[in-house]
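Residue numbers (the working numbering), protein chains in the order written: chain A, 1 to 253; chain B, 1001 to 1610; chain C, 2001 to 2114.
Hints are computed from structural coordinates only; laboratory data are not their basis.
Restraint-style ranges between C-beta atoms, simulated for each label pair:
1) Gly-1581(B) with Ala-172(A): 48 to 54 Å
2) Cys-194(A) with Gly-1581(B): 54 to 60 Å
3) Ile-173(A) with Leu-1039(B): 25 to 31 Å
4) Val-2008(C) with Met-119(A): 38 to 44 Å
C-beta: ideal position from N, C-alpha, C; glycine also.
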Amino acid sequence: MRPALRRWVFLAGAAGLVAFYLWGLSGLPGFGNYPGPYGPAILRIAVAQTHATGVVSAVNFEYRGFDTVGEEFILFTAAAGTAIVLRMLRGERERPPADEARDRDVPPTSGAVRTVALMFTGPVVVAGWWLASHAQANPSGGFQGGVVLATAFILIYLAGEFLTFRRLSPTAIADAVEAAGAGGFAAIGLAAVCLGLPYLDNFLPLGQIPGAVSSSGTIALISFFVGLEVAAAFILIVSELLEQTLLIRHGGG
Amino acid sequence: MDQLFALSVAVPLLVAAALVGVKPLLSGRRRTLDALAILTAASVAAMLLVIMIRTDGGDRVYWFAGFRPFHGIVIGIDFAAGPLSAGLAALAAVLVTAVMIFSWRYFRQVATYYHALMLTFLAGMTGFCLTGDIFDLFVWFELMGVSAYALTAYRPEERGPIQGALNFAITNSVGAYLSLSGIGLIYGRTGALNMAQIGAYISRHPPDRLVAVAFLLIIAGLLVKGAIVPFHFWLADAHAVAPTPLCVLFSGVMVELGLYGIARVYWSMFGSALGHRAAISHLFLALGVATAVAGALFCFRERHIKRLLAFSTISHAGMFLAGIALLTPLGLAGTAVYVAGHAMVKGALFLCAGIVLHRLGSVNETWLHGRGRHLRITGVLFTLAGLGLADLPPFGTFLGKGWIEDTGSAHGMPWLTPVFILCAILVGGAVLRVAGGVFYGLGDPPAEDRRMAQEAAEETSETDGGGQRTPLSMLIPPAVLAALAVAIGLTPLGPAVEAAAVRFQDQAAYDATVLHGAHVAHPVAPFPVEAAGVTVPDVVTGLVSAAGALLLACLALYWRRLPALRRGYEPGTGLTALAEGFQSGVINDYVTWMVLGLACIGGVLALIIG
Amino acid sequence: MQVFPFIVVAWIAGVGLYGIVTSRNLIHQIVCLIVVQSSTYVLLLGVGYVTGAVAPYYYDVPVRTPAVDPVVQALALTDVVVEAAVTALLLSVAIQAHKRFGTLDPHELAEFKG
Chain A
1 MRPALRRWVF
11 LAGAAGLVAF
21 YLWGLSGLPG
31 FGNYPGPYGP
41 AILRIAVAQT
51 HATGVVSAVN
61 FEYRGFDTVG
71 EEFILFTAAA
81 GTAIVLRMLR
91 GERERPPADE
101 ARDRDVPPTS
111 GAVRTVALMF
121 TGPVVVAGWW
131 LASHAQANPS
141 GGFQGGVVLA
151 TAFILIYLAG
161 EFLTFRRLSP
171 TAIADAVEAA
181 GAGGFAAIGL
191 AAVCLGLPYL
201 DNFLPLGQIP
211 GAVSSSGTIA
221 LISFFVGLEV
231 AAAFILIVSE
241 LLEQTLLIRH
251 GGG
Chain B
1001 MDQLFALSVA
1011 VPLLVAAALV
1021 GVKPLLSGRR
1031 RTLDALAILT
1041 AASVAAMLLV
1051 IMIRTDGGDR
1061 VYWFAGFRPF
1071 HGIVIGIDFA
1081 AGPLSAGLAA
1091 LAAVLVTAVM
1101 IFSWRYFRQV
1111 ATYYHALMLT
1121 FLAGMTGFCL
1131 TGDIFDLFVW
1141 FELMGVSAYA
1151 LTAYRPEERG
1161 PIQGALNFAI
1171 TNSVGAYLSL
1181 SGIGLIYGRT
1191 GALNMAQIGA
1201 YISRHPPDRL
1211 VAVAFLLIIA
1221 GLLVKGAIVP
1231 FHFWLADAHA
1241 VAPTPLCVLF
1251 SGVMVELGLY
1261 GIARVYWSMF
1271 GSALGHRAAI
1281 SHLFLALGVA
1291 TAVAGALFCF
1301 RERHIKRLLA
1311 FSTISHAGMF
1321 LAGIALLTPL
1331 GLAGTAVYVA
1341 GHAMVKGALF
1351 LCAGIVLHRL
1361 GSVNETWLHG
1371 RGRHLRITGV
1381 LFTLAGLGLA
1391 DLPPFGTFLG
1401 KGWIEDTGSA
1411 HGMPWLTPVF
1421 ILCAILVGGA
1431 VLRVAGGVFY
1441 GLGDPPAEDR
1451 RMAQEAAEET
1461 SETDGGGQRT
1471 PLSMLIPPAV
1481 LAALAVAIGL
1491 TPLGPAVEAA
1501 AVRFQDQAAY
1511 DATVLHGAHV
1521 AHPVAPFPVE
1531 AAGVTVPDVV
1541 TGLVSAAGAL
1551 LLACLALYWR
1561 RLPALRRGYE
1571 PGTGLTALAE
1581 GFQSGVINDY
1591 VTWMVLGLAC
1601 IGGVLALIIG
Chain C
2001 MQVFPFIVVA
2011 WIAGVGLYGI
2021 VTSRNLIHQI
2031 VCLIVVQSST
2041 YVLLLGVGYV
2051 TGAVAPYYYD
2061 VPVRTPAVDP
2071 VVQALALTDV
2081 VVEAAVTALL
2091 LSVAIQAHKR
2101 FGTLDPHELA
2111 EFKG
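Chain A on its own, in the form it takes in the complex (with noise of 0.2 Å):
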């Protein structure tokens, strides 16, 4: 279609659909007041049965945890997708690092910005750790967690040690941290299957105080397992990616 019509028949069918939608609205109960049943009930018995006082990580791992396992694997499968599509080619070959812009003058990484990437590598380590390993007392968990340990990783690329970064996080490990990640996840379960109970049954003991480290069973071990995966995840799916831009050229480079 030419580009003018394709906007009208776009327009046209947009409007239909947003007056279809809004026609239906009316049906919602308004914002802020939503009758449940799922929430309050999920409420009223999470603390008690789970000894999680973080009721979103229970939901997450324990309620609807089995979600939660085919969400892993959609990152584990987009990770391994982003793999495939920027491994090396046939007829391109590796190359050192070097800027592409060579009319213009490249500044080194700042002094600064390296200082500072550099320290906060360790705390952004422990913070992401502490959020993957919290999933049952508040609002943290394997995801958050997992996205935080990786942007660790990344702040020793900003501070212009990529092959520092390389060197720490090679493919091999990352793909079998994640691995590791995402099958231990699959595994709880089936473990539980092994006892005789319901696939992601929480057989670990739950712990006497609500929302301490121990507690909770397996809801604390999956997210445990969940923020490695999305850590190692992440970490592969950025070092692909600059593997791809520094490193890989076509042909004679």
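Since the structure of chain A is already known, use the hints to place chains B and C on it.
This is chains B and C only, laid out in the frame that chain A set:
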């Protein structure tokens, strides 16, 4: 036995993770990798077949993490499957096994990720079929989708895979997000994510505007996946470039899963609440017939074999939707058998195309004319499968289509039969034209289209053989699939499949089973049960389609020798501009048509419900 | 303002789709896809909101305090992270397109027509 529900999804996921985790160990051991993948897929198929057989007496429900509903409120996730759901998942697993065996020799070199992604694809399909929770359905839909995008982009060296993968990914993602919006809306209304609980809630109240909007949005993603006009444009692009084993899965099950999703969402959630069954039936019937005819017409003008088969899938998807849209148990049963037969036949056709690509290095019908003469077994299989596609008795396709036509005639739609015959003739004729031209060198090659020749020639990098003999591991899967297609047609499945369909359509029984653990011995569907057997009119229409397809193929191959037509140009060339206007290959156009299509369907729904 | 958030959802989705339809750059289209998905987050979170309630975390408030719906928050949380990875996959295909063919225009990359 119930644990098999969880295992059928957990095992392929775990093995996929394991394969990636020990990648360095397996990098030299291609055969181990293949063997592990085949074994996993076969075991999943076995598990699902067991579930299918054991749920014959009633749907089984499996609650994950042991959270059963209390007071009718569901707090966990369930798998709730009957024979139809489990059967479809089993079909997917069988096809994946066949494809992995075919890949044994088809790909000379493949990364670990291929096997892992195939297994996650399988897990996604299995979860999609078995689940009873609408958000869980979305999750497995996304897993299926992402695995498919990654596998389609497997060879990003050429232009085609980039176009195919991106068009596929963006259209299906937009559809998925619209579905998620629908899920959000229905959750806002009912406060539930379990299909049975939602269905029970909304059917207690009169048909509602929000229910109509949520219904349209939820099935938006499923319509895109199911390749219904005007959401179908991505399918041909993706098929043309995806590795051939993957095309088997796309055409054989993935598209059908989209249609299954529509049936499931309708019968488990929205059926009673929407009401107006006749009007809704007509709406989807219109969509189905439009898709069937459009797909068939596009199919006939194609010269790229994989794209030709893709368009025929679109045509069949339309026929499946028409069968579901009739809303009768016999219609649903007929669609189920038709899907199974079609999957086997289409799978065999794609695998044979893969063999041609492997041995001859092209999928361009024009260039291949007469060059496939030495591929004798492949030629025979391709021709037989082509006849199966044209609904020749006793293939499973003939049986399923016959039932759909029977129920159509019985419910005031006798015109469905000639439409189906026409589509079968066009599609079967195209495939038989390819068979006759490529494998037997009959007639004259179709007019050379330089652009199509260029596109088809780029297929070479996917596989390389050119050897003297086609390996056995590549000949056995299509042969087995073709044999299974005939077996499906010959097995007296009628009463069992229709009973399963009735159970699928009884929303009250489903709600009782899931929410209260009740066992309903005699489910009742909204429309009465009709006899599901082989009638004389069915056989006649089957033979007519097959004969018509043969005739059309001969016509297409020999038209230049007919005195009446000799001085004219190749029929159909004038339509090329029109076809390219629609199937333009540009994602912007596809999304525009999607939005326009949804707006139109929404308008019709508003008129029906409002 | 009972339905205002839901109107915002339609606007965000519409803007994202408009971007996809009128764009000539793959990266732009993929980012517009992210925008479309963001509209679903607003919808989910908007649907679960309860006026005057706290966040569903009970480590510092008594267990019986009314809280907003935790389920939609859990759904949105996982979706955000997963979407980032899927976008990475799409962007990597776009990178290959640019590297191989020097163009990011979907019109020029369209090889199969009709």
